Every structure is written in C-alpha cells, then in structure tokens.
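Chemist: Build the full structure now, drawing on both the sequences and the hints.
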Amino acid sequence: MLLDALLSDDAAGAAAADAWALIEALYPLCRSLTGDGVRQTLDCIGARIPLVRTEVPSGTPACDWEIPREWNIRDAWIADLGPGGDGHRVVDFRAHNLHVMGYSVPVRRTMTLDELQPHLHSLPDHPDWIPYRTSYYREQWGFCLRHRDRERLGPGPYEVVIDADLAPGHLSYAESVIPGESDDEVLVYTHTCHPSLANDNLSGIAVAVELARALHQAPTKPRLTWRFIFGPGTIGSLAWLSRNEERLGRVRAGLVLGLLGDPGVLHYKHSRRGDTLTDRAAAHVLRGTDAHAPAKLLDFEPYGYDERQFCSPGFDLAVGRLTRSPNSTYAEYHTSADDLSLIRPAQLAAALQTLARLASVLDANRTPLNLSPKGEPRLGKRGLYGSVGGGAPGAFEHALLWVLNQADGSRDLLAIAERARLPFEQVEQAASALERAGLLRTVEPAVPEDLDSRKKGPLP
Amino acid sequence: MLLDALLSDDAAGAAAADAWALIEALYPLCRSLTGDGVRQTLDCIGARIPLVRTEVPSGTPACDWEIPREWNIRDAWIADLGPGGDGHRVVDFRAHNLHVMGYSVPVRRTMTLDELQPHLHSLPDHPDWIPYRTSYYREQWGFCLRHRDRERLGPGPYEVVIDADLAPGHLSYAESVIPGESDDEVLVYTHTCHPSLANDNLSGIAVAVELARALHQAPTKPRLTWRFIFGPGTIGSLAWLSRNEERLGRVRAGLVLGLLGDPGVLHYKHSRRGDTLTDRAAAHVLRGTDAHAPAKLLDFEPYGYDERQFCSPGFDLAVGRLTRSPNSTYAEYHTSADDLSLIRPAQLAAALQTLARLASVLDANRTPLNLSPKGEPRLGKRGLYGSVGGGAPGAFEHALLWVLNQADGSRDLLAIAERARLPFEQVEQAASALERAGLLRTVEPAVPEDLDSRKKGPLP
Amino acid sequence: MLLDALLSDDAAGAAAADAWALIEALYPLCRSLTGDGVRQTLDCIGARIPLVRTEVPSGTPACDWEIPREWNIRDAWIADLGPGGDGHRVVDFRAHNLHVMGYSVPVRRTMTLDELQPHLHSLPDHPDWIPYRTSYYREQWGFCLRHRDRERLGPGPYEVVIDADLAPGHLSYAESVIPGESDDEVLVYTHTCHPSLANDNLSGIAVAVELARALHQAPTKPRLTWRFIFGPGTIGSLAWLSRNEERLGRVRAGLVLGLLGDPGVLHYKHSRRGDTLTDRAAAHVLRGTDAHAPAKLLDFEPYGYDERQFCSPGFDLAVGRLTRSPNSTYAEYHTSADDLSLIRPAQLAAALQTLARLASVLDANRTPLNLSPKGEPRLGKRGLYGSVGGGAPGAFEHALLWVLNQADGSRDLLAIAERARLPFEQVEQAASALERAGLLRTVEPAVPEDLDSRKKGPLP
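Heads up: the sequence lines are chains A, B and C, in that order.
Each step along the first sequence adds one to the number in the working numbering, with nothing skipped, and position 55 is 69.
Each step along the second sequence adds one to the number in the working numbering, with nothing skipped, and position 195 is 209.
Each step along the third sequence adds one to the number in the working numbering, with nothing skipped, and position 75 is 89.
A few of these clues could be false.
Same chains, same names: a pair is fine if it fits in one copy or spans any two.
Below, a list of computed lysine to aspartate or glutamate pairs in the EDC-like style, where the Cα atoms sit at most 20 Å apart [unchecked claim]:
#1 LYS395 x GLU153
#2 LYS310 x GLU69
#3 LYS310 x ASP18
#4 LYS395 x ASP78
#5 LYS235 x ASP198
#6 LYS395 x GLU411
#7 LYS395 x GLU80
#8 LYS310 x ASP289
#9 LYS395 x ASP353
#10 LYS310 x ASP50
#11 LYS310 x ASP353
#12 LYS310 x ASP198
Treat the hints as calculated values from the structure; they're not laboratory data.
This structure is a prediction, so every number in the text was calculated from the model and none was measured.
Modeler: So this is what it looks like as structure tokens:
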C-alpha cells in the first residue's frame, strides 16, 4: 500500500535518523506561540518538505479568541547585587530558554528576594529541573529555576531584566499538502510552540516531517489529500479552523501528533465521537503493534493538545491523537528534563512504522460493492480460485469470500477486516483482485465517509 | 443542590428518628385496601405534611379493575367450646390483627376442627410466626395463626366469629405535592394497605413522609413538581392512574418506595424501559453508596409492588423501585416477624440520605447547550481558569472542559457525568458556573426528557 | 408444541434407527452434482416422504453460474501392465467410488507412472485413507488412492480408464413441503452431492428426512410452511434460489443441515445478519442442550456449505447452519474414513431432538399484543391466578405477568422468553392461556418477522 516502503526496519531507521538530526537542530531555539523562534523552526522544516506559510496579524479573531501580540525575547537574567553577589547572573536566559516564563512582559528592575519570590517558579519535588511556565493571556512576568538554586538565593537586592518585546505582529503557522486523487482530506496537526523541550514536542514535529516526506515521495499518488499543519498549540489550531471552515466538511480523518520519542508505549486517544474512521483505523493498526510493548487505546477526554479544538462540539472532527506517554503522565513532562536524553531514535522509528501503516490504511480504505451479489460469483473461471475442490480454501480465498459477502455498500474495507478478523492489508488485496476481475466497485463517494457521520448535521 | 441539607449524618439521623416515631404510631393500626385503618394512617401522615385526600366510591372502574367494597373489622376470634376449652379464645384478633385474613367476609358459626381446618393458615417452617394472608377479590374468610398453636388445637367444637363489614364505601388515598418551577413531575408512590408489618410497609411510608417534608421545607423551590402518593397496593395505583391519565405525559421520573428499614443493602429495580432518567440517576447515585454495603441494581421484572402498574405497557412510565431487601427474599416477609425488631433507625437514615441525593440529581438534571461551540471558549478571561499555563488543570477546570465539550444539546448533565466519570454534583457545579458566564444555556424543555422517550409514541 | 412427540428419547431413538437404515441404503451409491446416483438417492428419500422433483437442464443459468453437464460413471481403473503387474487393477472404482475424482472427463490411455503422477491424489499424513476430490468446473481427470498404495506403484506402464459420460443432461433436486396455516416459510437445505461419505452428508440427509417425516405426521398443521430441499452443494442452492426469487420474501427462517452423526457436539453457525429469527431461536434452544456436551454457537463466516449462497448479500436470508463437528475441523473430513464407523445412532437421535425443539420454537413463535395494557388485567377473575394473596406467584403466574408486560407488539415470544430468562415453552403456554382468556392477540403478520428485517430493503 501507499507507505509500504516505510514499514521496513531499515527505512524507518533511516527516517528516524533524519528526524533526530532535525530535533538536534531545533532544540536550542526559543519557540513560543509567536515570534522569530517559530519562524526559524519553520525554516528548518521547510528545508525538508514543501511548506506554505501563513502569518496571521495580532488582533485577528479566531473563534472565541484573538491572535495575541507577538513575543520576541533577546535576553533575560536575575543578577545578584547583594553582598558577595558580585552582579553575578543567578538565573540566565542564555543558559536555558525555559528560565523565562513564556510571554513575560518586559521588565527591568531592582528588587529584594521577597519582592521577587512571587515571580519565581520551581519544583520542590524535582530540585534539579527547571519547570516550563507560560502566561499567554494575562500580562505578567516570571522566571523558572531549579529549586536547588532558588533555595540558595540570598536576600538581594537583585537586578531583574527581561529584554523582550510584546507588540503587534503575527502568528506563524505552515502547511505541507500532498494532493490526492480526491479533495477529501486527512489532517495531521503538531504543535510548534514549545521551547527547548525534546519530547514535547520536537519529537512530534520531526516524526510529522518524516511522514509528510514519505508521502511526498511515495511512488503513487495518495487517494486522499494529506495536509500537515505546523502551528502553535490551541491558538494555532483555532486560527487554522477559523480560516478553513469551508474545508472542514472534507476532513475524513485526522491526527494530532506529539510526544513520540519517549520510552513509553504508543497511546491512541479517540476522537470525541469515538467511532470515527480515524478511531477504527487506529484501533485496527495498534492491535498489531509490538507484542512486548502493546499500544494502548484511550477514551476521548477534553483535556490534552489540539484535539481539544478539532473535537469541540461545533467542529466535532474525526481527529484523534497519537503520542507515546500521554501529557502529564511522566515526571519530566514540561520540565528541563524533557531534553534529548529522554528520547530515543528507536522509539521515533517504531512510531513512524506504526504511522506509516495507519496512513496506508486510512488512504486505502474504501467502501466496496459486490456487483454479483446473488450467490457467490464463480471465482474459478476468473482465475481467483483453485480448480480442484474438496480441500479447504487458503487465506487469500478466505479474504475473497469475506469481501464478496460483506460488500453490500454499507461497510468499508476496515469494517470488513474487523468482522473477518483479518489484517486490513489482506482484505484490501482481495478487494483489489476482485476490482480487477470486475466483481467489485467502490461506491461513491470513493473515499469512505466516517460510517457514523450520517448522523451528523452540517456545521452550525 | 436541592436536598443537600438532608445529606449530613445528623440531619438524616434526626429525620430517621421522626420516621421511627411515625412507624411506632402506625404499627398497631389494622390497615387493608380500604377502611378506617387506612384513614387513621392518612391522619397521622397529614399531621406531618400537607395532604390532599381522595375517596373513590366502591364500584368505580379503575383500568381493568373496579374499586372493591370497603372492609372494616371490629373483632374476630376462634373460641374453644370443646371439653376443657372453656370458651377460651384460641385465636384472637385483639392480640394481632394479622390473625384475620384480610377482606374476610363476616362469619359467626360453630364448627369442628375438621370443618375449620380449610380456613386456617400457618407456617410449618416458622411455627412461631403468624402469616399475612388476604382474599381481596374472592369472597371467603380465614384465620392466620402460629403453627405451634394450630397443632395444639383439640377437635372442637369452636365458636368462629369475624365481626366485620364488607359493604359499599370508599377507597382512600392521599397526595402531597411540592410545586416546582415546571409542571413536569416526579412521582413517589408507597403502599399503605399492609396491617401490622413494620418493614412492609411502615418503613416506606415513614421514609416517604420525611423525604416529602424535606422537599416542602427546602430553601429553594424545586425545578420539578414532586408528587407523593400514599395509597393501597395495586388497586390504589390503578385508581390513581385511571384518574390521572392526562397528567402522565408530564411524568419525568418516579419511584416506588418500600421495605427500607431492614438490615439489607439498598436495591434499585429498573423501570420497564431500563434506561429512563430514573434508572440512569439511580445507577449513578447508588454507585456512590457505602462501600461496605454497596447497593445493588436489579433488572426490571413484572413482579413486585406498584411499579407493576406504572410499568404496564399501556403506561410504561419512568418509574423504578427502591427497597432494601426485595419482597419475598427474606424469611420474615409477610409474617408477624416483620415487626419493629426487624427494622433499624440507622437503615432508615441511610435510605433517606441516598434518596436525598437521588432526588437532588433528578431535580437538578438538565440538558445544556454550549453557546460558543467552535473551539474552546476563553475561560481565563471569564475568570474560570488559572492564568499561568504549563501545569495540569484541576478537578473544577476538568469538569468545565467536559461540560463545554459535551454540551451539544443531545446529552443531559447526568449523561455528561457518566461519560466523564465525574460525580454529578461536580458536573452540575461546572454547568452552573458556565451558565453564569453566559457560555451555556439549558435547552427547552428546561426539564430533561427521558433520553429515550423520543422512541415512544403517545399513550394508546 | 408442534414436535413434542419427537422429544422423547424413545421417539428420537426410533427415528434415528430409521435414519440409520436410510444411511446404510445410500452409502454405496456414487453421488455427484448430477447423475443417476443422485436420482437413486432421491428415489430412496421419496419412498419415505412426499417429494417433488425438479430436473434443470445443463446450460441453464443459475445466478452467476450455469448448470453443468451431467456426469455418469460406469467403471474406472488403473491396471498395472508392467513386469509382474499382470494387468491387475491397482486402483479400482468398483472397490470405492472415492477412487475417481468427481466429474473426471473420460480417459482411456496407457501411461507410465511418471505421466500418471500429476493425476493422482493421496494423503501422506493419513496413508490408509482415500481422499475425496472433485473438479466440477475445469475439465480434467484424476484418481484418489491410499498413499500407502501409491508408494508401492511400479514404473508402469499402466492402463488408465475412466468410463464416464460428461454430456448435456440435468441437475436433479427435490423438495418436500409441509403446508402451514401461513404461506411464510422455513427452509431446510441439505446437500446430496457427496458420494460414499457417511457423516458428510448422509447424516444430514437422513436427519432431514426424519424431521420432515415428523412434520408431515404431526397431529396439528404447522403455523408456517416447511420446505425441505435435497440438492447438490453450491450449484443446487444456486439453482433453487434463481428459480424461486419471488418466494424469498416469505422466508422467515432456515437451516442448512449436515454432518450430524459424528461424536462432536452440535454447532450452530449464525446467519449473515447474526440476529435473525433463526439465530435467536437456535441460541435459545441450544443453550438448553446436554450440559455434559453443551452445544456451541459460531459466528457467521462466508465459508462452509450452502448457507454461503443463502447468505450472499443479494439474498441475505435468515438461514443458519446446524452441524456437529464443522466442516474441515476433523481429520476424517472428506476422506474414506468418513464411513459408517464415524457416525453413531445416539448422535443422530440427539440431533433430532434438538431439531424438533428448534422447529417447534420457530413454528410457535409469534408477536403478542396485550389487549388490556393499562395496568395489569385482573387474572383472578379469569381463573388465571390464585385467589389467596400474600404469597409469591408460581412459575406459570410469573410467565403470565412477563407476557402481559412485554406484549406491546414490538417483541415476539422468543424475545420475551430471553428477557424473562424463561424457557420458550413456558412463555408460549402462558401466551396461549392469555389468548384463550381474550387478553392477548397475535399481531399481523401472524408469523413474526425477523425483528431486524425492517432495516432491510427489498431484494435488489
């Protein structure tokens, strides 16, 4: 099928090596919802796959929200002016960009430790890690530091500087589209707003890039149009959704990707409806993953990443989420310990293999109609069946019989594979053979609707 | 919520003490389908809560039945006229009103033991207990006695007297109504026809009285109108149903109460449809009862108390039943051993607490609609969400997200609580906050229909 | 009910003895898709039950297929002309009719062993058994032999003769119809095309004959019309289906019977839809079979016997399959070891008992409507209920209450029995009593539709 090439261990390993190189390049950049760090990130991605970039002006409405001002930071520090402090930087943005709370307003002041304390964030339970904190929508400023360092702070005074701009500008996102035979689309969204955090979400960005590259380079045109979106969390998906409402009716499936490099097993989180095409395909594919580290299926919940927006009731798209360890479930989450040592090339490679199979299933799925539905058609005279009777049929004949029997126009190949308890690929192969023999055709629309989507009305 | 006041152990204990006092007052009275014993019972209830009484004349049709003649008994005995018998009463109605089969026709005769035997009822397996027997709809008479006493009877002759009237009169029932914001109703029915039996059903009567009293005294008007009915079993509910057919379309939920004082755990029996509002609310609330004595859910079956009538196919109301030990499942059932020693104040109190929570859920439940359904609305600017990002949301924020995500007008708060695996109260609190913030409104009708009621046609 | 007479061990044993006699008579005949062996088989059946025979000319279309030429074989052998071979028959059709591949074209040649080998079939894993092979739809010829004998063959040359005709003629099938009160039908199909194989399918033929005979001799007319079809596998059912399309809308239930004499437990295979009347009745009846050898339910799959055709998507009939060991699951399947020693009269008898109960349930099932649906009707005044109250109702009263409560026209007796967890027979008895009392009538159509058939459109 479409991405069979990526399924081999060698191919997935090579792609994971490329992903790793991208992660290393992106790690030092200071990303946020907006700003030049994001633009540099998109530059790196654009060097690998075709990318169309969009800059949305601050103040533009996006659903219930509006695009915030653009944030750019040059430097920031807390310098000890106290006795023996020597003006030494006790917290230094140049050492780690997590030290500054994202979207901090500019500040330049001299303060005592007591005055400073309300602006400090640290993790008593993990005294060597710097936490990641932001304040996108309320004007404030803050520093994040190791708790161990915080406890060493003297009474001050301190020079406190955040040399940043928070001013009208733009929000940047980018899309990479692989046109298919159909205008119907699969969405892949990954968030680009986190600064130096490796698993969350350089792993997601890099895996998405490799998947998109494989689709761009696939020997055949995909059946569906694939759209990869690289944008900031929440406000990025809201911006894209509000600018693309007319397109949403064509979204057949979708995935939010993130957190794909850590040692945990894969977790697929269902879409809001719970039985969309994406959900059914993911359940089918993930059942076949590594028996020693079997993937897990999670029910939908309205907390997480951008699936929150895609699955809000007014959109209710067939968008699920694939991660390894889910957000908030591991200690290093949203701390400086989410660095390159947390992620592993082999985990990126295995995620890519699973995604390649999932993408292939989503793309090859279709709803077949048996053109000779009364009784079984004669397969023997069409060269599809052994000529000596009396023995049991083989696996391929079995798949042929299942497809013919179930192809009444009410089920797609995925549903047939599930009922027959056969791998999708075997059912798809049988369907292709029957199509060539003139016994089967795909019903319109060529691309299977989400089977339960008939229950849905139009977008409000 | 509505009856939060009754949830504390102190409040429930005080209410249970009042219930106990009522039970003690009612225990000696000889009740039956009709008669002055019922009227005295309703007098006692009416001294505690507002009560509107109805007297239905004998002969009035009630569905397939008709109101029977009224039965009143003054005295009854079997006196031994045999050698050494001395005219001594060997069975005496004045000692226990269970001694006479309910609705026995008057008799005054002298008979041998052999002639008397077909009229005697006793329990060989429980020789010290008097059974409870009735013959409402066939003219006969009988005595119930301890098997141990029956075995001691000499050959007679005996003087056999039942000094009773069975004559045209009335059937008495009474209602206590707490008007709500809506005309939609919750029914609570409890049977008043059993003579000196404590669990069945003075416990049900007394608990219903305390629940009604709490609703009458609640600081806020309930959303729904609550209707408590005190009437005899079977013919009482049939009489009420046949006189109130035009009202039945408004019944949103309902409970038959009985057998609430014995040591058994609570049992909720589903309504005929099995997924009505009452069923869903009871399942939700009972899941949260005492972990050491968890409540049990029973499937519907057409045997039991007045739910048989409410759940007959021509009415098919959303009426379930709450008891402790179900009828027929304990040895003392329908015998003189169902006396005050079988029931316990603590069991009455715990039943009241569960009922208070269940009533509060039924009353607060509603179907919310998210007024900002495209993407998540900005909770932060409305003061509903913390302003520093990066950490996980708390329980209240979680509930806010669930309500917003699910509030598409197809689910009530109870369904949202079930899907979110959150307590109803937490979901209701979140919904109220969102309503105050203008992000949510309740869809019409304000009171949630039983979710599956759309499948139902009108009453035939 | 209808076939209660066959439920006793004595009656079933006698019927099984008759079945055994028929099997012994039919075993030596050489059957195939067509030909005189089939006609002789139908002669034997016709001597036991009324039979209407159909002869379909070769070349007649049957769905996607056409009726093949008729095959008749007189003799066949491989004679050893080699040194010391003496012209001795090393393979001889007169010894076992499995020796010739079914539908072999005529041949008369002298060949070496090397030339002969591609035409030989044997079973290395079972060297003493002759395999059963056919080539209905491709012109070829072959011999089947014990692998032990094959290994002893010298280099030849051999005289190879198949004295057969493959020429325009007819396909023969036969029907036995028991007219019912209704034109609605139950189909029973059993395949007649296998040569000397006892379990597959003389067991099925003989059990079908005994079931048909019991229905023909039943003291009352069945409610449904029962149609037994004896025809070859695949092409026989296709021929019948293509000639009876206008009749298919009347098919309420159906069974393919086969493989009923081996030592295995009974297996019911669901119809394609999985919840048809046949499926529900079989699940109910098979749950009650021998606790020491409980029957098993199998999901539908499109491999097996003639249910493949009845359950093709263009017909999609309510036809399941009853066998003991399913095809292909035991070693002797389709070999000469499937002889009389594989099957047992007691297994035939037990299969007949189960079928008698299943047939009775299918025939007695109907959809009742409570004519007094508001409240419970007074059963006591109609003589259906004990007159002294206070005790629990008995099993019959329980069944009465269940039927009355559920009889809203949306459920048949089988569904009521399942919900009430009562045996169908008890529910049917209660329904009959309520019908006699004027409290219940059967809704039109008198014969229950498959409950989910409303979802189905007309045949395409």
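Chemist: Are the hints correct? Go through all of them and say.
Modeler: Going through the hints against the structure:
1. Taking the closest pair of Cα atoms, LYS395 and GLU153 come within 20 Å of each other only across two copies (12 Å); inside a single copy the shortest separation is 76 Å, beyond that limit.
2. Within a single copy, LYS310 and GLU69 get their C-alpha atoms no closer than 37 Å, and across copies no closer than 59 Å, so neither meets the 20 Å cut-off.
3. Proximity of LYS310 to ASP18 under the C-alpha cut-off of 20 Å is found in neither arrangement, the shortest distances being 23 Å within a copy and 40 Å between copies.
4. With identical chains, the CA atoms of LYS395 and ASP78 are at most 20 Å apart between copies only, with a shortest distance of 11 Å across copies and 63 Å within one.
5. For a Cα distance limit of 20 Å, the shortest separation of LYS235 from ASP198 inside one copy, 14 Å, qualifies, whereas the shortest one across copies, 53 Å, does not.
6. Only within a single protomer do LYS395 and GLU411 lie at most 20 Å apart by alpha-carbon distance; the minimum there is 14 Å, versus 62 Å between protomers.
7. Taking identical chains as interchangeable, the C-alpha atoms of LYS395 and GLU80 lie at most 20 Å apart only when they sit on different chains, with a minimum of 12 Å there against 65 Å within one chain.
8. Taking the closest pair of Cα atoms, LYS310 and ASP289 come within 20 Å of each other only inside a single copy of the chain (16 Å); across copies the shortest separation is 30 Å, beyond that limit.
9. With identical chains, the CA atoms of LYS395 and ASP353 are never at most 20 Å apart, being 62 Å at best within one copy and 33 Å at best between copies.
10. Taking the shortest alpha-carbon separations for LYS310 and ASP50, neither the intra-copy value of 37 Å nor the inter-copy value of 61 Å comes in at or below 20 Å.
11. Taking the closest pair of Cα atoms, LYS310 and ASP353 never come within 20 Å of each other, the shortest separation being 25 Å inside a single copy and 51 Å across copies.
12. Taking CA atoms no more than 20 Å apart as the test, LYS310 paired with ASP198 passes in neither setting, with 28 Å inside one copy and 45 Å between copies.
Consistency with the previously given hints fails for numbers 2, 3, 9, 10, 11 and 12, ordered from lowest to highest.
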